Structures are given as C-alpha cells and as structure tokens.
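J.: Letter by letter, the chains look like this.
Number of protein chains: 2
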Amino acid sequence: MKNMSNKLKNFFDATSFCVIGASTNPLKPGGVVAENFAKKFPGKLYLVNPRGGEHELAGKKYPLYKSILDIEDTIDVAIIIVPAKYAPKALEECGKKSITKVIITTGGFSEIGVEGQKIQEEMLEIMNKYRINVIGPNCLGLYAPKLGYDTMFLPESKLKRPKSGKISIFTQSGAFGAAFIDQLYRLGSGNWVSKFISYGNASDINEAHCIDYLGSDEETKVILVYLEDFKNGRKFIEKTREISLKKPIMGIKANRTETGAKAGASHTAALSSNNAVVDDLLAEAGFIRVTTWGDLEDCVLAFGTQPLPAGDRVAIVTDGGGAGVMASDMVSDCNLKLAKLSEETQKKLDESFPVFYSTENPIDITGSATAEDYRIALEAVYNDPSVDSVVNLCLPCIPNLNIEEYIQITKEISKRKEKPFLTALVGGNEAIWGTEKLLEEDVPCFDSPGRAVRAVGLLTQYAKFLERHNANESPLNQQ
Amino acid sequence: MKNMSNKLKNFFDATSFCVIGASTNPLKPGGVVAENFAKKFPGKLYLVNPRGGEHELAGKKYPLYKSILDIEDTIDVAIIIVPAKYAPKALEECGKKSITKVIITTGGFSEIGVEGQKIQEEMLEIMNKYRINVIGPNCLGLYAPKLGYDTMFLPESKLKRPKSGKISIFTQSGAFGAAFIDQLYRLGSGNWVSKFISYGNASDINEAHCIDYLGSDEETKVILVYLEDFKNGRKFIEKTREISLKKPIMGIKANRTETGAKAGASHTAALSSNNAVVDDLLAEAGFIRVTTWGDLEDCVLAFGTQPLPAGDRVAIVTDGGGAGVMASDMVSDCNLKLAKLSEETQKKLDESFPVFYSTENPIDITGSATAEDYRIALEAVYNDPSVDSVVNLCLPCIPNLNIEEYIQITKEISKRKEKPFLTALVGGNEAIWGTEKLLEEDVPCFDSPGRAVRAVGLLTQYAKFLERHNANESPLNQQ
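These protein sequences, in sequence, are chains A and B.
The first sequence maps to residues 1 to 479 in this note's numbering.
The second sequence maps to residues 480 to 958 in this note's numbering.
Everything labelled a hint here was simulated from the structure, so no lab data went into it.
The model shown is predicted, which means the values in this text are computed figures rather than measured ones.
No residue lacks a Cβ here, since even glycine has one placed at the ideal position from N, Cα and C.
Treat the hints with care, as some may be off.
Claimed, not checked - Label pairs and their computed distance ranges (CB to CB): (1) Lys89/A x Asn879/B: 22 to 32 Å; (2) Ser216/A x Asp759/B: 49 to 59 Å; (3) Lys826/B x Glu284/A: 40 to 50 Å.
Take the sequences, apply the hints, and build the full model.
T.: Here it is, written out as structure tokens:
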C-alpha cells in the first residue's frame, strides 16, 4: 500500500485512453463511453472492437482496432467493457501492452456467485502477473468533469452529468452513484463534482485508495462516501482520521443491520461488520456518518456552500410558532444551543417589532410578518457575534409577506458567507417556487425546519471535531 | 366534559353563521372569511361591521349590521375577527344573542404575555356567564370543504385549499396548520381533508374535544395531529386509546426537548411535560408518533391511500443494490422483516430472470432491468401470500428502463389495494417526472428507499397495535 494515492492519481492523469469493447451503437455501454471521451477528453483516444473498421465520433474518424495489441502508441489507461467471460483475455492483452491502469465496468463477477467468482480470481492472477491496477469490476468507473474524464456508461439521455465543483464522491454501489450523480445535476446550479469514483467489487482499488487520493487532491474540498463494507477498514480509518483534519468527510455506511447485510451480500460481495464498532471508529476518525439519501443531499448543500460555524449557538427566525418549536426540538437533538442574543440585538428587535412578536430566540415574527420584518430580524441575528449559525424559517402563506422580497433578502444575507445561514420554506406553491429560486443560486433551502437545523448540526459537528483536535483553521472557511 | 364531542359537532352543523368584524377589503381577515362563507357555505350568512352599510359578495348583497344584536334571526355560530381589545365586547354581545358557539381567530391574548392574559381571563368570565363554547383565540378555526365551512382568514392567493378527503387534522399551532394545509393542496390529487381544526390558545375547546369529535365523525377515517402540549392530557390519552382501535391517529407532539419547550412557552402558552412519559403514554394508547414535517406527509400518503398489512413481512424490488441495502437497513430499523418468498414465487423469479439478477428478497433486477422485469418481479411478490407489503424501488437512470411503462405498471398494481405497495424513485429529472405522474393519481411515491420503507413501518406499527388489541377488523381495509 505504498504510494497508495498515486494509484488513483495516475488514472485521472491519463493523457491517452483506450476503450476495449467500443461499440458503434451510441446507446450501448461501449458506445457511450467512446462518445464521452471523443467529445470531452483532451488526450488521445483509441477504440478496440474485434469487428474492426472505423467509427466517427464528434466529427472525427477513429479506427476500430481488432486488438489493443494492434495499437502502436503507448496507452495510459484502458477501460474494459466486454462481457465478463471475455474480460480475462482483454486484461491479459492490456498486460502485454504494458498498460497498468485498467477500469473494468462490466458486471458478472464475484457479485453473481461461484461462477463469476472464478472469473474474478482468474483476473486477479493476471493483475498480479502484470502489476495492473484495476478499478472494478461491476462499477461505473470514474467521472471528472473538469478533466473531460467520463467512463459512466449510461447515456446523457438517461443519466445527466453535474458540472464541475468541489465535492468528490466515491461509492461502492454503482447504482447508488448513478442515481446520486443524476440527483446532483438537478440540485441547484449543478456545479458540484470534482472527482467521482465508483469502484464496485474492489478487486484492487478500494475505499482506502479512494480516501487517500481524494485527501491529497487539491481540487477536492469535501469528500462524500457511500460504503457498504470495508476491504481495508484499518487503512480507511487511519486515512480518514488524518484527512478529516483537512477536509470534511461524510456519507453513508450502509449494512448497518443484519437485514441490510443480507441484502449487501448478494450485491457487492461484501460482509457486514459489527455496526456499533464501526460507528465508534468512524466517529472517532471524524467521519460524519448519515443514514438516508436525503441526508446526503443536505450534506452537499451544507458543506458545499456554507462556512463552518465558530460554535454551537443557533438563532432561529420564524413566522410560525410551531415551526419554531419543531426547530428548537431539533436544536436539542443535534447537540446545538439556542443562542442568547446580545443586549444590543435584543434591544434592536424589541424596538423594531410590535409587542406580540416574540423577540427572544427563537424569534417569532408571527403571521403578521412582512419581508422587511424578516430583513430586520435576520440581519440583527446574523450581525450578532453571539450567534454562530442562523436558521431562517418561513411559512410563506401568511398575508403580508411578499415572497419575492423575502427571497431577495435571503439571497443577500446568504452571500456574506460569514456564518452558516440555512433556510427552510414550508407550504405549497409559494414555498416550492421560493425554494427553486434560492437553490438556483445554490442558497441552501430545505423543505422542513428540522432539515435546516440538522444541516447546521452537521456543520457544527465537524467544526467541533476540528476544535477538539486543535485544527482551528477551518478548511471550508479558507476557500 | 360530558357530551364532549357534541361541542365541536355543533360548530360544524351550523346552518347560520355570523362574521363579527367582516371587512369590505377582500384581503383582510374579516373580508376573507366573509367571502369564504358567501361563496361556499350553504346556510345563512350574516355580517357585522360597526360602520354599517352593505357589502356585495358572490353576487349577493349583504347588510353590514352594526352589532350582532341588530340581527333578528337566530344564529348558530359566530366568528369574532376584531382586535383583541374589542373581543370581550363582541363576545358579550354573542352571549346576549344566545349564541353558544364562537370562533375567535384573532391573536393578542395569553400568547403575548400579561396584558393579553388579562383580556383572555375577561373572555373566560363571559364564556362562563353565557355558557359559550369557544374555539381559539389565536387560531385559524375550522375548515371542512365538503360542508363549505372555511374560517381560515388567509386568502386563497396565499393559502390554497385542499379538497375533500378522509383525513381530519387538528393542530395547536395555526401557522403549522396553514402551511400543512397549503402543502396538502399540492400533494397528489389534493383530495385529502375532511375536517381541519386549529384551536390556538385552547381557552375552551382543546385537544381532548378534537380527538373525541373526530373519533365519532364517520367521514373521518384517519386523524392527524400537531400538538405542543396538553390542556387535558388525561382525557386526550383516554380518548386516543379508545378511538385508535377504530381509526389510526398519528402526528407530532412537539416540545420534545427543553429547548423546544422554551420556544413553545412564548407561542401557544403551553408548558412542556416529561417527554419520556408522554412518549410511553402515547405509544400505549396507539398514537403513531412521528417527529418531522416530512413524516407527516408520508403519513398522509401511507394512511390516506393504502390498506393495512396483514403482517410485518416486506418484499423489496430494486434495480440498484445500494438502494436495496439501504432499504433493508431501514426494514430492520422499523421492526419489519424481509419476507421469505414462497417456493412458487422463487421459482417464477428464477425462471424469469438471468443468473446475475439477485432473485432472493431483496430482489435486485440490476442496472439491466426493463419495465417488463419490474412487472414480473412486482406481480410475483405482490401475489405471494407470504409477502405482507411491497416496496418498489427504482433508480430510473438505467439504460433499458422505459420510465413511462414502469410508471404504468406501478399504477396498475397500485390499484389493487390488497396490501401496502409503496414506491421510491431516486435520481434526477426522470425520477421527478415519474414521482409527479404517480402522485397525481395518489399512488404514494417517495424520494428515497428509506422513506418508502418507513411508510410501510408506520402502517405495520398500526396493524400490529390492532392485532395486539384483537381489533382485527382493520378500519382502513373496510373503506
């Protein structure tokens, strides 16, 4: 495991790339990947198809080599997209061609049982013989929009691609990865992804290589993970402990239960570990563990757009008492505190608002609130040094609120990025409309008070972790 | 507390209604309520405004009485929408006019502190003197679309109204109620609400009256609750225990934490109880307690559209292993079991699918799945008597899936209503599109595997409660 991170770095650094199993059908996996590279990859591209001939992609004609051995140039990375039974021969030829970086996306290996297991073992022998590093099999491979690198074999008509951003993702489950990528495209501006790694059966490259590489990758500011089990858990935890002092690492470790483990066994050929032990180890290493798909989206919005808080003191502004109570319950659930406002802030609020507004935190500007009331309350708590994070709750159905003004005010405060500022809009059409308006500028907006507070909770959890380890230079705040 | 339920019944049974504080401005609360009743209420309507004159609403001219005492006819129910300081006089006049049912929506009473508390006490004396039943103050009052009864003082331009359905709701927080009503309008067909009761400060009518009335109301099949604290907790629990054997009762009891209680104190003037005790009492009485706003929407979709399961055995069909693992974890979290499929079903699946599909439950038809594969798998498990509920997971980004066919298949199975059938669609645009298509026919569809399984969990929790109490005639199944 020396130079672990280089293993993956060399995949991404490729200046020449070969698709073994390139198809002339643009909807077939081998056709999709060929087209992805022809259109976006700045390096050299070679296509292998046993039928031979020629194939035009993105206005350029590519010869179809019958074997990779027919190609004279050196090749940095190859992808194998042929049925499992032909994969060993293709890999052997890569070895003979001195290609040491191979992505195998095809399924039909250890995840399907004894028969596939045998092919995977055959592949392992070839890998060892030629010292080939393999990503996969049974995966989506790699995606890095800024590098024009895209081995995801699903056409854009089925799977949209999010644009370049600061979050890197690695996933044991390709299906999870695909759906999450699809979801990120649709979330806000869609500018989210630096590197995406789907490593499938982890016959070679596993979660430890991924975390190590992304830890050292300067363009990766946030690491998001989907794991079912560990291939090299000790190394993963060791690396996580080190890297989480520099950038936040968060995600799902599924297979939490025996039932989940049973499901996982027939999927990525993984075995469950003792969840309580895993949970402790992950927490101690600074891994921010969440459990649901919705949590992950909340992580992207929170860590992808917000600075870290200086502490755990939260101010809540709401126009609905019930929403304030639910949010306050969640403040407690997430080990946060309701900030005690400074005298100055309290005075400002008391002077600005009628007697029936509740000016103590949580500040309830009631069903009589106007957009201007929101501005006054939000700015007052945002400017208060005794407030570390602000939660902005709005039920837009109240009569005097101009939703457009409210959205504008929210956007303006959100731009300051001095402390976490999270919004929740709850209700019908106006809430949906406002949420879209905020998200299109990557202003985090949630559909319930609890989710907004929980997002603050996750940011604060990480800030506290850094503080405990005297890593006070918050990486998110330096961006 | 004798004839508790009649107190509320008489409000809804009104054949004559008076708006005290009717405004000629259609956007002011007194104008909105007057218009609501003029447009939708089949009984007689009277308007009171000290300025006198006349006001045309829905093509009909109404005299504006200077005082309710000027009206000669008898009046069943009056709503008082005047500033708090004028409310005692208005209530006194209701008493003189022998009106014993009064809704007071205005705020500015006990919830704002000492001064308001004094007015509320003055009101209480008048209520006692004339034996008036009061809903409020500081609330939205009542909404019953089928009865044309709508005291919600927010105009439809701000607050959309869901249409008639089988779910009744009562809420201590008016703001919560408004936002949730707004949300239900937008959810699926919008046909959800039988009775809605927002009782605010509960100076008289409280949660115990609400549960009692809705328990006896035949059109109410499901009861959904938002509570912060109890005015008459003993009675509420007693009634809940009795009614939950006939129809499911679910909802949020906020103020779970000290932080929440602090927020609640300045809101509906409620004090927190010991949450652990409350939690036990509610559970023992069959109350299905949830914590988040999202949970409530899931409750509406599950209990509003699905039959109850015969047991806790769940079958999962998925095209993504990761989604299957997360769903299986949630199966365990929710005290459910993965169903062991019957031999016949297992044989059918094994014969129908290629070897790399995982045909044991959770059934993973992989990224190669077609809509037809979904049909085969879903029908097989749906028809299997050893399966009590079916969870239908789909990541639509896979290449061979025709999403329109898949949606059609899902709709068809959903119509059978023989067992719970819950869908989750995860991903980008296709997932969003499919979700909308399903929801517009009230086919429950969630945005994550976990939420779909949790919905099964809630239905099963209630089914088990009924079974433990030998109330095997499931009320939802009799609809």
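J.: Now tell me, hint by hint, if it's right for this structure.
T.: Hints versus structure:
At about 26 Å, the beta-carbon gap between Lys89/A and Asn879/B stays in the expected band of 22 to 32 Å. Restraint check, Ser216/A to Asp759/B: a C-beta distance of roughly 51 Å satisfies the suggested window 49 to 59 Å. Taking the beta carbon of each, Lys826/B and Glu284/A are about 48 Å apart, inside 40 to 50 Å as hinted.
Violated hints for the displayed structure: none, as all numbered hints are satisfied.
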